[in-house]
Amino acid sequence: MAVADQAPVVGTLTFVRLKLRLMVNGLRGRGWRVALFVLGIVFGAGFAVAGYAIFAVPGLLRDLRVAGMLIPLAGAAIVLGWLFLPLVFFGVDESLDPARFALLPLRRGTLIRGMLAAALVGVPAIATLVATLGMVDAAARLGGPLAAGVQLLGIVLGLLLCAAVSRAVTSAFATALRSRRARDLATVLLAVVAALLGPIQLLALAGAQRADWDRIGDVAAVVGWTPFGAAYSMGLDVIAGRAWAVPLKLMIVLATLGVLLWWWSATLERAMLGAATAARSSTDRGGAPVAQLLLPFLPGTRFGALVSRETRYWWRETRRRASLITFSVVGVFLPVTMAVTGTGASGMLLFVGALAAVGLANQFGYEGSAYAANMVAGVPGRVELHSRVAGYAVYVAPLLLTIAVVLGVVTGRPATIPSLLGTLAAAFGTGLAAVLPISVRGAYALPDTTNPFALSSGGGLAKGLLSFGALFAAVVCTIPIQVAAYFLGPVWLWVGLPVGLLYGTAAYLIGLNMAANLLDRRMPELLTTITPR
Amino acid sequence: MSLRGLVKRFDTTVAVAGLDLDVPAGSFYGLLGPNGAGKTTTLSMAVGLLRPDAGQARILGYDVWADPVRAKRLLGVLPDGVRMFDRLSGTELLAYHGLLRGMDTATVDQRSRELLDVLELGAGNRTLVVDYSAGMKKKIGLACALLHAPRLLVLDEPFEAVDPVSAALIRDILQRYVAGGGTVIFSSHVMAVVERLCSHVAIMAEGSVRLQGTLQSVRGDRSLEDVFVQVVGGRIATGSELAWL
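Chains as they are written, first to last, in the working numbering: chain A, 73 to 605; chain B, 7 to 251.
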């Protein structure tokens, strides 16, 4: 056996080319994917232009104080967005799955550099870069070319930080979730992190409300020294004559970047090895097979079997569990923070109710080709969808109840609990009406990995936008409820629950009908779209 | 089962090009073909999982695409390369399939226990199917396909990744099933198994059936492997290449 001795030369650009090739191939010959991709680009471009305009404003105003508040806080928000949006909404583009490189003779450094570069190729990264260029614009107007140059360095480092933080955290989280025992620990960790978001938001909102600009300035100055805002505030320091701060902040950013990359590479190693899932201990619990499958109180029928399977799947499948837990945390904290800071919690409730329904936006994608079993058994679309909603509701209904109770208690008005629940039910029902047809028509395949955040290549962002659209439609459709609540005042406290339930049920039934007809016509096509290639 | 003029294109490639196939009732039918011949595509279209671009598929007289409910009731399927609901334990999965087929709970319980017992999967085993070995997955898939006592079994590569003992067991089950009046069609590229089991064979290549009939009429006095290689026209020996091996 003769083996070539020379070390293979794999440049960073190879990874970028591979990513682009995967993107192009993913789009080829699929009209709707191209359309979604273009939609993603349009949204990205909108974000980029709006961001650029906002960041350039302090420069046009020649106001250093506004710049000092806006830029570090907005920069930190961007980094946090890169950290949390993939976890909550979009998932990470796993087209370059590290496991696929496991057999190739690549040094880890090469792999990390390559994958980081590949992560920078994409709509979100380019949109972020363009948006933050507005900061350079502002720095140039306020402090001349030197400040602009430093700020340019800052935003480039900031973008690297964004990419590294999102890859490292999702990679670590995914690796942690791979082994069953660590999974519960990781979910608790996520809950804690998400819970920390609450107080931060509270602080920010409280500050904004009192319009205490000096305090915001102080907060911004502090944020500027954290890894989140350091990269973006470097130009400001030059303008303000604190040039000595620049090397220090540079060190903060580089050290953070280094730690993140090290962390990423450590988790990547484990991801490549594909930590073996420990087999579940096979204890003999006995019981008849049907009794083992069915949840209590469910009949031994097709519907009972479907609901039981669906309910077990929401817990046993990591992707579903991750989405469930994320929603629980977001669902409880968002309205509570809004309520505590005094801004309209009821509008937030509509959002939360609809967000609960969005969990089903790609319900068929989760199990992939396993859906073939239901098709072979000839399950009609109506039964299929109804059972899926019922299985999901086993978790979501108590959660919505909890949200209503917590909110009622926190605001000190327990009498509002039934009407809050009514609002949530109405929003959940209309959300389902919007989401169910999308779950049939806009389903997409998830790759066959255990990474709960993996999305298949091509149009990941665009697919996320589709559920955003459903969310928006659902919130719009619940405006009548919002208006009724506003005008009926105290009467709403009494009629809110029945009216909300009725409204939600009616909307759900309409959506169910539409989606069921769609599913009956499109079962084989649906199976093809959700089968990972 | 009878297939008439089935066509399936994927983007630009033609996977199945006007395929006709007749599987007589009570036969043990082997569908042979090299990788990429279109076996899985054909069987998927025959059982209603993949919509053909043209053509007809009938199962015991019912059109799979016009009257899917009646056709699917008579059908048991073991797909290949398709995931199962693998976050259920084997026992739960069987119960799920039974209830999905509209069977009553007592029958589901009794048959599931028997199947788990015979296939040596253990009725009290709480291991999730996702943690099963490849052979065990095939066995539980077969059990799911058999549970509602279908008239026609469609099996895609039932012997792949199965150890010899389990393979012998599966063979025995299938032979009993055919002796009891059932019909089996399965795809494979293991000649020995097909030669031993089947009453009828069809050889596929490049999306169409090249040769079909009873095992005797296809094989003649040669071995099935010779006939297969000749029909498919593959290369079976190396020349001067690969000298570096």
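Simulated from the structure, these hints should not be mistaken for laboratory data. Computed from a prediction, not measured in an experiment: that's the story for all the values here. Quick reminder that beta carbons are idealized off the backbone N, C-alpha and C, glycines included. Fair warning: there could be bad hints in the mix.
Here are a few chain A residues that face chain B, going by a calculated C-beta distance under 10 Å [said to hold, decoys possible]:
| no. | residue |
| --- | --- |
| 1 | Met95 |
| 2 | Ile288 |
| 3 | Asp290 |
| 4 | Leu365 |
| 5 | Pro368 |
| 6 | Ala377 |
| 7 | Thr600 |
**Item:** Non-conforming hints, listed in increasing numerical order
**Value:** 1, 2, 3 and 5
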